[in-house]
Amino acid sequence: MGTIVGGFVLPHEPGLFFTARDEAGPGLAEVHAAYDRVRDRIGELRATSVIVIGADHYVLFGPQCLPNFLIGVGDVTGPYERFPGVAQDEIPNNRDLAGHILRHGRANGFDWAASKSLRVDHSVGLPARICALPNSTVTGVIPVYLASGVEPLIPMRRAYELGGAIQAAVAAYDADERVVVIGSGGISHWVGMARMGDHNEPFDRMVLDCVVRGDPEPLFALTDEEIVDQAGNGGLEIRNLVCAMGAMPASTGSLIAYHNAPDWVAGLGFAEIHAAA
Amino acid sequence: MSTDAVEVALYDLGVKREARTGFAADPGAFLARYALDAEEAAAIRNFDVAALQARKVSPLLTMGFWMMNHPGRSRNDYLAQLRAGGQ
Numbered sequence: 001m002g003t004i005v006g007g008f009v010l011p012h013e014p015g016l017f018f019t020a021r022d023e024a025g026p027g028l029a030e031v032h033a034a035y036d037r038v039r040d041r042i043g044e045l046r047a048t049s050v051i052v053i054g055a056d057h058y059v060l061f062g063p064q065c066l067p068n069f070l071i072g073v074g075d076v077t078g079p080y081e082r083f084p085g086v087a088q089d090e091i092p093n094n095r096d097l098a099g100h101i102l103r104h105g106r107a108n109g110f111d112w113a114a115s116k117s118l119r120v121d122h123s124v125g126l127p128a129r130i131c132a133l134p135n136s137t138v139t140g141v142i143p144v145y146l147a148s149g150v151e152p153l154i155p156m157r158r159a160y161e162l163g164g165a166i167q168a169a170v171a172a173y174d175a176d177e178r179v180v181v182i183g184s185g186g187i188s189h190w191v192g193m194a195r196m197g198d199h200n201e202p203f204d205r206m207v208l209d210c211v212v213r214g215d216p217e218p219l220f221a222l223t224d225e226e227i228v229d230q231a232g233n234g235g236l237e238i239r240n241l242v243c244a245m246g247a248m249p250a251s252t253g254s255l256i257a258y259h260n261a262p263d264w265v266a267g268l269g270f271a272e273i274h275a276a277a
Numbered sequence: 001m002s003t004d005a006v007e008v009a010l011y012d013l014g015v016k017r018e019a020r021t022g023f024a025a026d027p028g029a030f031l032a033r034y035a036l037d038a039e040e041a042a043a044i045r046n047f048d049v050a051a052l053q054a055r056k057v058s059p060l061l062t063m064g065f066w067m068m069n070h071p072g073r074s075r076n077d078y079l080a081q082l083r084a085g086g087q
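In order, the protein sequences belong to chains V and W. This note's numbering applies: residue 1 is where the first sequence begins, and numbers increase by one. This note's numbering applies: residue 1 is where the second sequence begins, and numbers increase by one.
Calculated from the structure, these hints are not laboratory results. Just so we're clear, the structure is a prediction, and the values are computed from it rather than from any experiment. Do not take every clue at face value.
To be verified - Some chain V residues judged to face chain W by a derived CB distance under 8 Å, without partners named:
| no. | residue |
| --- | --- |
| 1 | Tyr58 |
| 2 | Gly192 |
| 3 | Met196 |
Think of the CB as a built atom: it goes at the ideal place given N, C-alpha and C, for glycine as much as any other residue.
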């Protein structure tokens, strides 16, 4: 039987790699430390597979085909973007578990789109490379993409329900598998908009507070227009965090770190979701 | 013709090397492949990202288009163009 042993929300901040780590100032060092904390906790949880829930930034899926939610069930490579010191070759997938999640979902009202050959972008590739795969216990990273960056968007509540479908599928899995779920998304950020570089700390902390309290209701109450107004188009990615929450219902969490500074594209929030006893 | 056609063109220019090469060599001929009206084609040809966003084109695409095709590829210049255009 599979078990979700832990969850995390974190950003996929590309600026992490623009300065060599040994030349990092205090702010960059603290963000590195937050990613390190997630990496180490995944190891302490003895996770064997990590499911990373990300957002396409309109580079993987074009206007001709925009999946509502998609799972990578075959070959996985990436990230698509080049970052100094970050490999772009194969990311080992747990194909058996990924296929099981797809089939279980389709049998229970969740019509997953599937990719048999997926080159992920930084939203999945970054946490896979720096948080999941450095742990020797982790043998597979399963990529999940939500329509959380490009319209038409998956409804917020549906993202949460999809997390529940992931949880149900993992619980119904025959093999012993210790699974960690990562919701990968910046909080407030205006990607490609005139306000790019702005942050909204009160909004960011409100979202993190929902994660820590295990309460998605305030996030369900937000319209997309309100999110874009308060947190930019990038703020729509909080669906990825909500999906991770849905995979661990009734679980509370703890804040790992929060940062915002002009150097960062987004408000950067890191939190752990603890598996209910 | 439509925001959708503009998004197809910008998506191709963001992610496909052969599209970028074709656009750089002959923007008019390249854009003729898409169902764009004259104003849309001009906005792309002139890197008028503010006008494109005013037409509800995704900011993800306008930024990717600029960063992969504009001669300067400067984010600051991109933002300056957006802001000057009232976005």
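Hints versus structure:
no., hint, result
1, Tyr58, "4 Å, holds"
2, Gly192, "3 Å, holds"
3, Met196, "6 Å, holds"
Consistency with the previously given hints is maintained throughout, with no hint failing.
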